[in-house]
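Protein sequences appear in the order of chains A and B.
Numbers 1 to 113, taken from this note's numbering, label the letters of the first sequence in order.
Numbers 1 to 110, taken from this note's numbering, label the letters of the second sequence in order.
A portion of the hints provided could be inaccurate.
Below are the DSBU-like pairs computed for lysine-lysine, each with C-alpha atoms no more than 35 Å apart in a straight line [as the list claims (entries may be wrong)]:
1) K52/B <-> K97/B
2) K3/B <-> K52/B
3) K97/B <-> K3/B
4) K69/B <-> K52/B
5) K9/A <-> K97/B
6) K3/B <-> K69/B
7) K52/B <-> K9/A
8) K97/B <-> K69/B
9) K14/A <-> K69/B
Cβ pair distances, simulated, as ranges [as the list claims (entries may be wrong)]:
10) Q45/B <-> F10/A: 41 to 49 Å
11) S69/A <-> P7/B: 38 to 46 Å
12) V92/B <-> T7/A: 28 to 36 Å
13) A13/B <-> D56/A: 43 to 51 Å
14) P102/B <-> S84/A: 14 to 22 Å
15) A52/A <-> A13/B: 45 to 53 Å
16) M10/B <-> T5/A: 42 to 50 Å
17) K69/B <-> K14/A: 43 to 51 Å
18) M41/A <-> I109/B: 22 to 30 Å
No wet-lab data here; the hints were simulated from the structure.
Note that CB positions come from ideal geometry on N, CA and C, so glycine has one too.
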Amino acid sequence: NAGVTQTPKFQVLKTGQSMTLQCAQDMNHEYMSWYRQDPGMGLRLIHYSVGAGITDQGEVPNGYNVSRSTTEDFPLRLLSAAPSQTSVYFCASSYNRGRYGYTFGSGTRLTVV
Amino acid sequence: DAKTTQPPSMDCAEGRAANLPCNHSTISGNEYVYWYRQIHSQGPQYIIHGLKNNETNEMASLIITEDRKSSTLILPHATLRDTAVYYCIVRVVSYDKVIFGPGTSLSVIP
Numbered sequence: 001n002a003g004v005t006q007t008p009k010f011q012v013l014k015t016g017q018s019m020t021l022q023c024a025q026d027m028n029h030e031y032m033s034w035y036r037q038d039p040g041m042g043l044r045l046i047h048y049s050v051g052a053g054i055t056d057q058g059e060v061p062n063g064y065n066v067s068r069s070t071t072e073d074f075p076l077r078l079l080s081a082a083p084s085q086t087s088v089y090f091c092a093s094s095y096n097r098g099r100y101g102y103t104f105g106s107g108t109r110l111t112v113v
Numbered sequence: 001d002a003k004t005t006q007p008p009s010m011d012c013a014e015g016r017a018a019n020l021p022c023n024h025s026t027i028s029g030n031e032y033v034y035w036y037r038q039i040h041s042q043g044p045q046y047i048i049h050g051l052k053n054n055e056t057n058e059m060a061s062l063i064i065t066e067d068r069k070s071s072t073l074i075l076p077h078a079t080l081r082d083t084a085v086y087y088c089i090v091r092v093v094s095y096d097k098v099i100f101g102p103g104t105s106l107s108v109i110p
């Protein structure tokens, strides 16, 4: 039982490049979400999903795409990276709509130069 | 979701109880109080949650006032490993857009 696994742990991109941040969970959680965290700030919700085939926008969705084709995986795509997307990205999952709390991954540290 | 207010930082002596306050004066009757913590850039960790009764688990205790407008997270015997940012969140379970504010940065001092 690995919990929530995020890859890669670190990434440097050039402005305009695209990439996908991977998130996988092995707990059969129906709910998954992506947050970003900037220095000294709390976590801001980017996108979330309440089940396979269902996604919705959070607070700061612009510049990011998601899809949920399986229960286990919830990748986050940056189509054209910008320096403003330099941040730490966390993926979270839960069952029962988070009634018993979310489980977070260890994060992906992304730098866009 | 109701807004919460937490002090930006607190200190606690090692071995003493750490009492972290949270104000949620606009909380609705169906909103739960959740606490998470984040240790040095790791992913946040769920600690405890409650509706109106006090709750205790192996990590902490949660005290919610009778009017539910505020709560306190208690770490009974703080250790250096409890140094972290603690987030208080109120939410309806069915509401999926969970927002984390800046939280309280707790420093446990030897």
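Status of each hint after checking the structure:
1. K52/B <-> K97/B: With a Cα-Cα distance of about 22 Å, the restraint between K52/B and K97/B holds, given a limit of 35 Å.
2. K3/B <-> K52/B: 17 Å, holds
3. K97/B <-> K3/B: 13 Å, holds
4. K69/B <-> K52/B: 10 Å, holds
5. K9/A <-> K97/B: It holds: about 25 Å lies between the C-alpha atoms, which stays within 35 Å.
6. K3/B <-> K69/B: Given pair K3/B, K69/B holds - Cα atoms ~11 Å apart, limit 35 Å.
7. K52/B <-> K9/A: 39 Å, violated
8. K97/B <-> K69/B: Since the Cα atoms of K97/B and K69/B sit roughly 21 Å apart, the hinted pair holds (cutoff 35 Å).
9. K14/A <-> K69/B: 47 Å, violated
10. Q45/B <-> F10/A: 41 to 49 Å: Distance hint for Q45/B, F10/A is violated at roughly 21 Å.
11. S69/A <-> P7/B: 38 to 46 Å: 43 Å, holds
12. V92/B <-> T7/A: 28 to 36 Å: At 33 Å between Cβs, range holds.
13. A13/B <-> D56/A: 43 to 51 Å: Given about 44 Å between the Cβ atoms, the range holds.
14. P102/B <-> S84/A: 14 to 22 Å: 20 Å, holds
15. A52/A <-> A13/B: 45 to 53 Å: Once the Cβ atoms are compared, 49 Å apart, the range 45 to 53 Å for A13/B and A52/A holds.
16. M10/B <-> T5/A: 42 to 50 Å: 33 Å, violated
17. K69/B <-> K14/A: 43 to 51 Å: The hinted range 43 to 51 Å holds for K69/B and K14/A, with Cβ atoms some 49 Å apart.
18. M41/A <-> I109/B: 22 to 30 Å: 25 Å Cβ-Cβ, so the 22 to 30 Å window holds.
Checked against the numbered hints given earlier, the structure breaks hints 7, 9, 10, 16 and satisfies all the rest.
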